[in-house]
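**Q** The task is to assemble the complex, starting from two chains supplied on their own in separate frames and drawing on the hints.
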Amino acid sequence: MAAKRTMTLNLTEAEMAVLEALSEKRELSKTALLRQALRMYQVIEARLESGNKLFFENEATKEKAEVMML
Amino acid sequence: MTVEVTEVHLLDVASGEPVAAELWHVITEEQLADWEGEWVPELFRAMQRLRRAGVERAHWPQSRHWDWRRKVAALQGMLANPGFSILCDGVTQGMMIVDTVKHRGRVDGQQGQHLVYVEFVENAPWNRAELFDPPRYRGVGSILIRAAVALSADLEFHGRIGLHSLPQANGFYANTCGMTDLGADPDHEGLRYFEMTPEDAQAFIAKGRSK
Numbered sequence: 001m002a003a004k005r006t007m008t009l010n011l012t013e014a015e016m017a018v019l020e021a022l023s024e025k026r027e028l029s030k031t032a033l034l035r036q037a038l039r040m041y042q043v044i045e046a047r048l049e050s051g052n053k054l055f056f057e058n059e060a061t062k063e064k065a066e067v068m069m070l
Numbered sequence: 071m072t073v074e075v076t077e078v079h080l081l082d083v084a085s086g087e088p089v090a091a092e093l094w095h096v097i098t099e100e101q102l103a104d105w106e107g108e109w110v111p112e113l114f115r116a117m118q119r120l121r122r123a124g125v126e127r128a129h130w131p132q133s134r135h136w137d138w139r140r141k142v143a144a145l146q147g148m149l150a151n152p153g154f155s156i157l158c159d160g161v162t163q164g165m166m167i168v169d170t171v172k173h174r175g176r177v178d179g180q181q182g183q184h185l186v187y188v189e190f191v192e193n194a195p196w197n198r199a200e201l202f203d204p205p206r207y208r209g210v211g212s213i214l215i216r217a218a219v220a221l222s223a224d225l226e227f228h229g230r231i232g233l234h235s236l237p238q239a240n241g242f243y244a245n246t247c248g249m250t251d252l253g254a255d256p257d258h259e260g261l262r263y264f265e266m267t268p269e270d271a272q273a274f275i276a277k278g279r280s281k
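Residue numbers (this note's numbering), protein chains in the order written: chain A, 1 to 70; chain B, 71 to 281.
With the rest of the complex left out, here is chain B (with noise of 0.2 Å):
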């Protein structure tokens, strides 16, 4: 399998320099060996620290039940939902599939038009601030988020995304990335649905440029 490489920086928070890493337009049995032997035990041991030091449930990472092998293989070969991941010291250090088919703008100006929807989104354990202090690597979400816009616009959505956040996530959604917060979805267990307009996302991109 050819594996389309693209490379990327991510932030050494320890250091404050940036680091090379790799976006692959792909999530391979690598990443899911990753995500078993190295985010789940972290993860594990994350949360018993949470938990010991009296951290309510509510405040645990909510994503903590995500079974990515199993995401994985119900999506496999399916055109319309691709994978990414990014690849930083060779450790997988975030993951994120999206649909291109199932959802539509919501957003008033782009009712009814094509959108790529973020499915699942998640950064490594210790690139989370609310685990680790510090975070090791900054940066995963945004180019995650990114790949998503040069999707939407390879597949001629003009760079429209969409995405229901996790609660933790939402001020990342809103404010870093610019996205348009369309409300609580009843329909979509109260998660806050958040859409990207092609303004947007030319803001959004032209942001990550002048970094």
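If we strip away everything but chain A, and leave its shape as in the complex, we get (with noise of 0.2 Å):
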């Protein structure tokens, strides 16, 4: 796989006890989490470059809800 670079990152207690909590839910480690969060952001800042809005959809009702991004 693709080599690596190394960086320190300082979390609150708040959002270092979220990233745990993701992690754990996810199966995934910390870093793994990051890393994946990070390609999910590029793919809403690509859409939302293109025009496209970001919805959710309630999978029983389908109702869905636009996410602001301001």
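Calculated directly from the structure, the hints in this document are not laboratory data. Hints may be right or wrong, so weigh each one.
[Unchecked claim] A few chain B residues that face chain A, going by a derived Cβ cut-off under 8 Å, partial list only:
no., residue
1, M148
2, A150
3, V171
4, H184
5, L225
6, E226
7, H228
Quick reminder that beta carbons are idealized off the backbone N, C-alpha and C, glycines included.
**A** Here's what the structure looks like:
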């Protein structure tokens, strides 16, 4: 796999608590979860830049709610 | 650009012997030129043969409309969408693009977990048994699926992968790859959805090693 570079990340206690909870829930290390978040962030940015909107759809009711990106 | 390359082997169907090939962890201009200059004309001739033989359109290659240049251009630079290709005999033998963020596990016990979703995977026309008898090389599809599993493991997704299969490939994913068939997906043109759990992935990799 591609070579990796190292960085130090400073998080507040609350941010670290969320990172740890999500990592455990998704069976990922903290590093893997943040790498995944970066990939997702890039996808969202690219979609928004090309004029798309971001929606969440309720699977049962099919109700859509736009996520406001200001 | 540094291209990550892994040595692999395909089976030369005519001789029955394994031949050295390369798995590229990228799709480059070289592959797109092969697609335009080698795959498309060959596919066109193969479809002409099918038409002249009276084969119904439903049995023509279902990926015949895929435009790899457009697909690659649309996903250029996206971390979430790496591409893979296989080279043998100086020509591209197969290509695959995956997505690592937009799909989650659906199988019981894996729901909501991350997986590598295979967006597009295609074999060169001369390697497809439905178009060429005999096909030139075997093993392209398995190597590409194994690459998706390896990426999934590298991302800590534990080998989970998922895909919607074109009908002509259902048997390959169910039997050769040992993926779980979750049936026709009404949200995806009725294509069947297949998923590989971490356990399925281990079994698939072990099967490849024993060959």
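**Q** Against each hint, give a clear statement of whether it holds in the structure.
**A** Do the hints match the structure? See the list:
A hinted interface residue such as M148 (chain B) counts as satisfied when its beta carbon comes closer than 8 Å to some beta carbon of chain A; here the least separation is about 6 Å, so the hint holds. Taking 8 Å as the C-beta cut-off, the interface hint given for A150 (chain B) holds, the closest approach to chain A being about 4 Å. Because the closest C-beta pair between V171 (chain B) and chain A is about 5 Å apart, less than 8 Å, the hint holds. At a threshold of 8 Å, the smallest CB-CB gap from H184 (chain B) to chain A is about 6 Å, leaving the interface hint in force.
Checking L225 (chain B) against chain A: minimum C-beta separation of about 6 Å stays under 8 Å; hint holds. Checking E226 (chain B) against chain A: minimum C-beta separation of about 4 Å stays under 8 Å; hint holds. Below 8 Å, beta-carbon pairs count as interface contacts, and H228 (chain B) has one with chain A at about 7 Å; its hint therefore holds.
Violated hints are absent here; each numbered hint is respected by the structure.
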